[in-house]
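Asks: Residues per chain are reported as follows:
Number of protein chains: 2
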Amino acid sequence: MAGGVGARVVVGRHIYGNLYGCDPQILRDESALITIIKEATKIANAMLLSVGSYRFGPNGGLTVFAIVAESHISIHTWPEYGFATVDVYTCGDHTDPKAAFDYIVSKLKPQKVEAFFGDRSMYKE
Amino acid sequence: MAGGVGARVVVGRHIYGNLYGCDPQILRDESALITIIKEATKIANAMLLSVGSYRFGPNGGLTVFAIVAESHISIHTWPEYGFATVDVYTCGDHTDPKAAFDYIVSKLKPQKVEAFFGDRSMYKE
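Chains X and A, in that order, are what the protein sequence lines are.
Here the first sequence stands for residues 2 to 126, where the numbers follow our numbering.
Here the second sequence stands for residues 2 to 126, where the numbers follow our numbering.
A few of these clues could be false.
Identical chains share a label here; the pair holds if one copy fits it or two copies do between them.
Calculated cross-link-like contacts (lysine to aspartate or glutamate; reagent style EDC-like; alpha-carbon spacing at most 20 Å) [stated by the list, open to error]:
(1) Lys-99 / Asp-30
(2) Lys-43 / Glu-126
(3) Lys-125 / Asp-30
(4) Lys-110 / Glu-126
(5) Lys-125 / Asp-94
(6) Lys-110 / Asp-24
(7) Lys-43 / Asp-24
(8) Lys-108 / Asp-24
(9) Lys-125 / Glu-115
(10) Lys-43 / Glu-31
(11) Lys-39 / Asp-120
(12) Lys-113 / Glu-126
(13) Lys-113 / Glu-40
(14) Lys-125 / Asp-24
(15) Lys-39 / Glu-115
(16) Lys-108 / Glu-81
(17) Lys-113 / Asp-94
(18) Lys-125 / Glu-81
(19) Lys-113 / Asp-97
(20) Lys-108 / Glu-126
FYI, nobody ran anything at the bench for these hints, they're computed from the structure.
Using the sequences and the accompanying hints, generate a full structural model.
Replies: In C-alpha cells:
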C-alpha cells in the first residue's frame, strides 16, 4: 500500500473496483445488499454510523451506502448490465478495507473485476 | 479522461483528492460544508437524493455526504491537520464531476491538492 514519502499523519486507504458479469438478482436485491454492506463494515473493522439505500432508474439499479466513523463504503449497481461498482475507503491502521472489498466482491459474484487502490493518507511534509 | 477500450455502456467518472493546508474553520463548519456539497451537486449537474453529515472524534472532524442519482459526493475533514479528502463520482455524459470537484476545492482553500481520476465506466467487451 505505497504512496508518498515520510510519516503518515492520517492513514487512509481506498480500494475501489468495477465489477462485470455480476449476478443480476443480487444487484437488484436491496435487503441483500444492505446485509452485505453491514457485514463488510464489520470485516473492515470499521464503526457503522449510518446505512442508506436508493433505487434509481427503471431497471432496478441501486445505491447502497454506509457511513463509517473511518470514512465510507458504497455499492452502485446496474442489474440490466450485470455491472456494479464498489468503494471501500477507511482510515486508520486498525481497519482492513481490502478484506471488506474482497468480501463484497465474493457476494456479487462477478466474472471480471477491475480493482484499484487510492492512497488517501496525509503525509508529514 | 482515458481508460479501457471500445464503447462505453455506462459512463462513470470519479475525481478524488487529498487536500493539504485547508482553512480549519471551514473544515469544522458543518452547515458550510452542507451548503458547499449541495452547490457542488448543482455544478456537477447531478440530481440530489440525500445529504448526510457526521461529526467524529474530539477535534471536530466531519463527514459530509451527498447521494445523487448519478452516484455520490463526499467530503471528509481533519481540522486539526488542515486536511480533507474529497470524492466526486458521477455517472452519465450530462454530468461534470471535475467542475464540482474544483468548486469544492476552491471553497476549502487548500495550499496543496493531490488530485486523481478513477474511470468507473463499463466498457463493451
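Asks: Give a verdict on every hint.
Replies: Hints versus structure:
no.: 1; hint: Lys-99 / Asp-30; in the structure: neither (24 Å within a copy, 32 Å between copies)
no.: 2; hint: Lys-43 / Glu-126; in the structure: neither (33 Å within a copy, 35 Å between copies)
no.: 3; hint: Lys-125 / Asp-30; in the structure: neither (44 Å within a copy, 24 Å between copies)
no.: 4; hint: Lys-110 / Glu-126; in the structure: between (42 Å within a copy, 18 Å between copies)
no.: 5; hint: Lys-125 / Asp-94; in the structure: within (16 Å within a copy, 38 Å between copies)
no.: 6; hint: Lys-110 / Asp-24; in the structure: within (6 Å within a copy, 43 Å between copies)
no.: 7; hint: Lys-43 / Asp-24; in the structure: neither (23 Å within a copy, 33 Å between copies)
no.: 8; hint: Lys-108 / Asp-24; in the structure: within (9 Å within a copy, 41 Å between copies)
no.: 9; hint: Lys-125 / Glu-115; in the structure: between (31 Å within a copy, 14 Å between copies)
no.: 10; hint: Lys-43 / Glu-31; in the structure: within (19 Å within a copy, 27 Å between copies)
no.: 11; hint: Lys-39 / Asp-120; in the structure: neither (23 Å within a copy, 26 Å between copies)
no.: 12; hint: Lys-113 / Glu-126; in the structure: between (39 Å within a copy, 11 Å between copies)
no.: 13; hint: Lys-113 / Glu-40; in the structure: neither (22 Å within a copy, 36 Å between copies)
no.: 14; hint: Lys-125 / Asp-24; in the structure: between (43 Å within a copy, 18 Å between copies)
no.: 15; hint: Lys-39 / Glu-115; in the structure: neither (23 Å within a copy, 31 Å between copies)
no.: 16; hint: Lys-108 / Glu-81; in the structure: within (18 Å within a copy, 38 Å between copies)
no.: 17; hint: Lys-113 / Asp-94; in the structure: neither (29 Å within a copy, 24 Å between copies)
no.: 18; hint: Lys-125 / Glu-81; in the structure: between (45 Å within a copy, 13 Å between copies)
no.: 19; hint: Lys-113 / Asp-97; in the structure: neither (22 Å within a copy, 28 Å between copies)
no.: 20; hint: Lys-108 / Glu-126; in the structure: neither (40 Å within a copy, 23 Å between copies)
Checked against the numbered hints above, the structure breaks hints 1, 2, 3, 7, 11, 13, 15, 17, 19 and 20 and satisfies the rest.
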